[in-house]
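J.: Using the sequences provided together with the hints, build the complete structure.
2 protein chains.
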Amino acid sequence: MAELRQNVVTREWVIITPERAKRPDQFVKPKGIEPPLPMSSPDCPFCVGNEHLTLRETFRIGEGGNWRVRAIPNRYPALTDTGERVRKVDGIYRSMSAVGFHEVIVEHPLHNMTLALMPEKHVADVLRAYRQRYRAIRKDNRIEAVILFKNHGEGAGTSLVHPHSQLVATPIVPAQIRHRAEEAIRYFDDTGECVCCRTVQDEVRAKERIIIQTRHFAAFIPYAALSPFHIWIFPLKHVSSFEEITDTEIRDLAGCLKNVLARLYYGLNNPDFNYSIRSIPTRDLRVEYFHWYLTIVPRVSKTAGFEIGSGMYVNTAFPEESAEFLRKVATCD
Amino acid sequence: MAELRQNVVTREWVIITPERAKRPDQFVKPKGIEPPLPMSSPDCPFCVGNEHLTLRETFRIGEGGNWRVRAIPNRYPALTDTGERVRKVDGIYRSMSAVGFHEVIVEHPLHNMTLALMPEKHVADVLRAYRQRYRAIRKDNRIEAVILFKNHGEGAGTSLVHPHSQLVATPIVPAQIRHRAEEAIRYFDDTGECVCCRTVQDEVRAKERIIIQTRHFAAFIPYAALSPFHIWIFPLKHVSSFEEITDTEIRDLAGCLKNVLARLYYGLNNPDFNYSIRSIPTRDLRVEYFHWYLTIVPRVSKTAGFEIGSGMYVNTAFPEESAEFLRKVATCD
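Quick note, the sequences are listed as chains E and P, same order.
Quick note on numbering: the numbering used here labels position 160 of the first sequence as 160, and the sequence is numbered without any gaps.
Quick note on numbering: the numbering used here labels position 302 of the second sequence as 302, and the sequence is numbered without any gaps.
Please keep in mind that the hints were generated in silico from the structure rather than gathered at the bench.
Label-pair ranges, simulated between beta-carbon atoms: (1) LYS29(P) - PRO30(E): 22 to 32 Å; (2) ASP284(E) - THR54(P): 49 to 59 Å; (3) ASP43(P) - LYS302(E): 20 to 30 Å; (4) ARG56(E) - LYS328(P): 39 to 49 Å; (5) GLU208(E) - ARG142(P): 22 to 32 Å; (6) LYS207(E) - THR248(P): 53 to 63 Å; (7) ASP247(P) - GLN26(E): 41 to 51 Å; (8) GLU208(E) - LEU160(P): 31 to 41 Å; (9) LEU55(E) - LEU53(P): 51 to 61 Å; (10) PRO42(E) - LYS29(P): 27 to 37 Å; (11) PHE59(E) - GLN213(P): 46 to 56 Å.
Over the 12 Å line for every Cβ pair with chain P, so calculated as not near, a few chain E residues: (12) PRO36; (13) SER41; (14) ASP43; (15) CYS47; (16) GLY65; (17) LYS139.
Even for Gly, the Cβ is constructed at its ideal location relative to N, Cα and C.
T.: Shown next, in the form of structure tokens:
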């Protein structure tokens, strides 16, 4: 039976349509269409030995040529860290100087590695680099929001295959981040609860959409998932911003994230995907009403004119079935 | 110089980055990669002679085998028109029965035709079909919003190449449509003006982002366009819902829309695109604060993790340059 569902965190409605549905295994990427990658590529600016091709490093884990993770400014930045915030308001025309940060986090020395296959300890190093860069950049008083994200595969918008993530820090609060914070405040005022705490607690209790649960995190398909295998990883404990993650939680998240990405890798044959870490605006540290989380969107479906005209999505897979499919994937751990 | 810009209608910020920019002509689709389509295809359910392959027609223009435009229920509907609206609220879990309408508007008898190449009179027939279906379906008291849209090309999410549009009518107000209405109300309360009226008047005065202006419409690249060649077509006169469009305005819009689509067709070599008509929720007929419009999004860029994590877009082309490029395209009229 088709159904409309509303996501209580985002307030977005989604149409879930079994009539058009594929079975979960129909989203598996066909095998053998991509040649295997080499361990190292002479032209890749992120490979060992080519460190001189990148801009001045902002952070690294590991010494000398034995680095494990590096952070560097993006050579083609969307925003740059020189100059002041200059805001212009001329009637309906509102602009701001493009000041901010745009960094790359090189996740591993090997060109052909991917988070799903890295040791948990290495994934933890990547997350430590995220946290260090978030904390360092948020201190800049021109910054209002920090977005950490990853584009995996050409279909997910990446141009360089060497495993890397990105950080963009903006001098304004993006409208969607502000809007979701406002909705969370309203929920808090109505109920006295953080809507994200309520969601993760209820999902843990309901079980049917959980992929895995670790000591500090739960990974699940949202009740109103926007697309097949849309995944949320939530901290079980209330924390409003990613930068507050503890060392213990980083180790635990590394295991949880690797496990989920390995389920996608083996279950769907290394699909293209994006993920992003959503926190509150940087000036609103430690609020009661919002909770940071990580959202993963495998690129197994297309959006079209309906989504552009309504902001609504059509999901051809029931979240409960997607979750069951991923729970059953053997991850070779 | 890179710049952040805010769209006063949607409140969304966009990063416009000339450092990463391509010149407008670099968005032109490579020639010769697609074989030409036949005028008719024996398996196509929308071709003349195959009318029996579609469900019961809801509207047609033209008699018998000489139809010009047909409306039919979608064979794989996202929503169906049987049953009542049944809403369930169980804590954070909110759902609604998937009741609504999902129709296809077959735009032309010829398999290989496209709006950019049709006579204006035929485009007007397509728009008349939109209006007739909008008016008929909005009367159903289960419906809260009607979204008209078109997916052109595989990259824009279509599976059937025969020229067609779609209509989806939902039993809830999509969150984005509600949210934009709320923002427009706030603007109205602050200024006493419709934000869309203000926008189109200022764009007509500024000229630099206008593609063409007709008697009743202006087509322009929004000041904070989300992507290269993102286009808005606005009525010059305040009308809150598409269903109120007059016969005179339909003839004028047909010319305007065909002209803009022909500029994309010839200028960018028939790119994949989506368009959508955005109106207010159907129960709010004739409001002062909002204005219907048509939005066109050519698929010349990709979204990735940054967009997923922030709702913000990065546009690699300045709207003023995109508009200038389209103004210069010869449309063979």
